[in-house]
Amino acid sequence: MNLRRIMEEDPQSIEAQLLRVGRAMQPPSSTLRKTLVGLGLGAATVTSVQTASATAIAAGKLAPQVAAKSVWWAFFAGSAAKGVAVGVVVGASVLGAARMSESWQSSDAKTHAPSKDQLHRSATKVARPNPGPDSKSSRSFDLDAVAPPHDASPLAAHATTDQRDASRLTASAATARHDASRLTASAATAQVDSSHSVESSPRTRTLVPSVSFAPTEYLDVGPRAAVEKPSIRTPTRGQGVLGAEVASIDRIRSALDHGQTQLALELLGEHDRTFPNARLRQESAFLRAKALERAGKHSDAARALEQFQLSFPESTLPDQR
Amino acid sequence: MAPSLTSVNPTEAACRAASKAEAIPRSLEDLVRAHLPHVYRLLRQLGVPERDIDDATQQVFVILSRRLIDVRPGSERAFLSTTAVRIASRWRRTHKRRREDDEAAPISQRASSSATPESQLERAEAERLLLQILESIPDKLREVFVLFEIEEMGLREIGEMLELPQGTVASRLRLARERFRSAIEGLGLSTEARRAQ
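Order-wise, the sequence lines are chains A and B. First residue of the first sequence: 104, per our numbering; consecutive thereafter. First residue of the second sequence: 884, per our numbering; consecutive thereafter.
Rather than coming from a laboratory, the hints here were simulated on the basis of the structure. A portion of the hints provided could be inaccurate.
[What the hints assert, rightly or not] Pair ranges (Cβ atoms, derived):
id : chain 1 : residue 1 : chain 2 : residue 2 : range
1  : B       : Gln1015   : A       : Lys400    : 56 to 64 Å
2  : B       : Ser910    : A       : Ser133    : 16 to 24 Å
3  : A       : Gln115    : B       : Arg969    : 33 to 41 Å
4  : B       : Glu1035   : A       : Arg136    : 39 to 47 Å
All values reported here derive from a predicted model rather than from experimental measurement. All C-beta atoms, glycine included, are put in the ideal place defined by N, C-alpha and C.
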C-alpha cells in the first residue's frame, strides 16, 4: 500500500502541479459574505431592527441630556457590538411630569391646577403602553408602534395648548401618536422643541435584536416598552429560506437568553407562521418548551416537551448535560 | 418515551443543559471563516459547480450550526468534511451532469490581487483543468482521491469519514490515481509527454 502522496513522489510532475493548484483554491469573497449572511452572522446580518429612541422626552434641560444619551447609547450599541442588538432608550416621563406639575402650579394654581396624584396618574397612563382594543394584556409593546418614524410635534402641540387641563392633557397624550406612547415618551413634554424631538428619535439599523442597552437611570419607566420587537422577515433573494430560518431561530434563542420569554413566544408564533414547512422544527419545538417553562407555564411546557420527544425521539437536545 | 414530570422538571433540566451546551465558546462565525476554504475546495472538487457553490457552502454550515452542540471541539473540520462530501454527493444525485457554462468562466476573481493578469489566467486555467480532470473520475474514487491528495487526510481518517474499511479506501485511491494520470495523458499533459517534447 503506497501511502505517499503524488506531490511527495514527484513534486515537479504535472500531476503534482495540478494538485498544488487544487490545494490553493480559495473561495471568492462573496462566498464568505453570502454564507455569513445566510447564517445570520457578520456585519451584513440579515436581521434588521429599527431601533427608535424615545421621542418627546423631558422638558427643559432634561430633554437634550436625555436625547444625547439616547443617541449615544444607540450609536454605541449599533457600532460597537457586531451581532449584538441595540436596545432603546426610555423617556423620562416621571421627571417630565414633575416639571410639568411645577409649571402648572405656578401659572394657574387656583383654577385648574391638577393634583399631584392626577399628574402621576396621567404620566403613568401615558408611559404605559397603550393597549389597543385588540391587544392582549400581556403584550408590552407592538412592532407597529415603533416602525413608522414618529414626530413628536403633535404631542407637544397638544401638551402646549392644554397645559391647564390635566385631564385633557392625558386624553391628548393617550390618543396622540401611537408610537409615542409606546415609546414611553412623556406626556409632559409641553415645552419640548419639536426639532429636539425629531433629533432624539434616530432610527438605527442594527444587528441582532433583543439585547437592550439603555442608560439604567431611565429604565424605571419600563424599558420593555421602548424595545422594538424584532420581526421575522420574509427571506429575500440574497438570503435563502434556510438562512432566514436559522436567523429566526437565533433571534428566538437570543430573546430567551436575555430573559425575554414573552418575546420569545411571540417570535416562535411568528416563526411558525413564516415557515410552515420549517426545516428546523426540532430547534423551534425545543425552544418552545424552553420558553413555556421559563414563562411559568409548566403544564404547557410539559406538553410541549412531550410532543417534542414524540416528534424527535432521536434528538440530543434535551439529553445534553 | 413520555417525559417524567414528577420529580425534576425535565424541561428545565434540558433547558439548563442546552444553555450549558450553548455556552461552548465556539463562534460559528469563526468556524465559518476558518473552514470555508476547505469546504469550498471539497465541494468544488467533488463536482458542485460555481453557480451552486454558495448554496452548497451555506448548507454545510447550516448543518454545522444545527449540530454544533454535538460536535466535539477540535473535530469541526472532520464534521465539515463529512458533511461537504455528503452534500456534494447529494448534489450530484439530484442534478444532471452537464457541462456548466460557468466552468469555463475565468476564476480571476479568486486570484490574488498581487498576481499579474497572466498568472491569474494561468491559475484560472489550471483550476479549470483540474476540475475537468476530476470530473472524469467516478464519484466514489474521486472522493477518496480529493480527500487524500488535496486535503491531505490519512487513509484511516478517510475510512472513518466515509465508513469504509481502510483496504477499500486504499483500493479506491489506487484506481483514482490511475484515472487521474490517464486523464492527464489523454490531454497530452503528462510529465512523460512533456519530457518527450
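Consistency of the hints with the structure:
1. B:Gln1015 x A:Lys400: 56 to 64 Å: Hint holds: Cβ distance 60 Å, inside 56 to 64 Å.
2. B:Ser910 x A:Ser133: 16 to 24 Å: 21 Å, holds
3. A:Gln115 x B:Arg969: 33 to 41 Å: The hinted range 33 to 41 Å holds for A:Gln115 and B:Arg969, with Cβ atoms some 35 Å apart.
4. B:Glu1035 x A:Arg136: 39 to 47 Å: 28 Å, violated
The structure fails to meet hint 4 from the earlier list, while all remaining hints are met.
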